[in-house]
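Trainee: Residues per chain are reported as follows:
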Amino acid sequence: EAAVTQSPRNKVTVTGGNVTLSCRQTNSHNYMYWYRQDTGHGLRLIHYSYGAGNLQIGDVPDGYKATRTTQEDFFLLLELASPSQTSLYFCASSAGQGNTLYFGAGTRLSVL
Amino acid sequence: AQSVTQPDARVTVSEGASLQLRCKYSYSATPYLFWYVQYPRQGLQLLLKYYSGDPVVQGVNGFEAEFSKSNSSFHLRKASVHWSDSAVYFCAVGNTGYQNFYFGKGTSLTVIP
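Which chain is which? The protein sequence lines are S and A, in order.
Final position of the first sequence in our numbering is 112; the numbers increase by one with none missing.
Final position of the second sequence in our numbering is 113; the numbers increase by one with none missing.
Wrong hints could be hidden among the right ones.
[What the hints assert, rightly or not] Okay, derived cross-link-like pairs now, DSS-like style, lysine-lysine, Cα gap no bigger than 30 Å in a straight line:
| # | chain 1 | residue 1 | chain 2 | residue 2 |
| --- | --- | --- | --- | --- |
| 1 | A | Lys24 | A | Lys69 |
| 2 | A | Lys105 | S | Lys65 |
| 3 | A | Lys69 | A | Lys105 |
| 4 | S | Lys11 | A | Lys24 |
| 5 | A | Lys105 | A | Lys24 |
| 6 | S | Lys11 | S | Lys65 |
[Claimed, not checked] Partial list, computed: chain S residues near chain A (C-beta under 10 Å):
| # | residue |
| --- | --- |
| 7 | His41 |
| 8 | Asp59 |
| 9 | Thr70 |
These are calculated hints, taken from the structure and not from any lab test.
Owing to the predicted nature of the structure, the values given are computational and were not obtained by experimental measurement.
All C-beta atoms in this analysis are idealised placements derived from N, C-alpha and C, irrespective of residue type, glycine included.
Next up, chain S with everything else stripped away, as it sits in the complex (with noise of 0.2 Å):
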């Protein structure tokens, strides 16, 4: 079974204030998401990586970025938080074209 680990499950932050969610999957895939999940409109992709120091842009970028240090590992960082990125976020992880995304548990971030 796929897995993939997400951390913290729960964040609690100022606005500007300086935020960073983890994610780990012990898939051994190549393709990693970061979306963000809000009533209304679904997921929306932030932002991807196909490999190590990979780094693609997805829909909603404005104020995030990422960074994938290793095949396992993918960041996402908020460095002036606002209350408009209080969310859910989940991170995904992919073994390629149309294969299955495997999601966390996702990460409850609100800025107050």
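Once you have looked at the hints, place chain A on chain S.
Mentor: Below, chain A without anything else, positioned relative to chain S:
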């Protein structure tokens, strides 16, 4: 541009009834199509996927979906729902050539015992 539309934000059915959740997509080529389910406080899990072949594809827990190229649709069905099927269901399209996925806004299903 690719897009996925799930026209029903909420669906309520009685246990034992049949179910259809609708999904329409917009994509220029033949897409990869997926249905995912999200149970409370969990991540999304794959129900089924389609790329080619028989337009009716079987998934887990008795779910199936039918691809229609002419209607640009990929509707999800189940013959008899159980209360444990209560969840949010997402339709998604993956594009060939680029490893990207687009999700619909989801349909929240409530099954009344």
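Trainee: Which numbered conditions among the earlier hints are violated in the structure presented, ordered from lowest to highest?
Mentor: 4, 9
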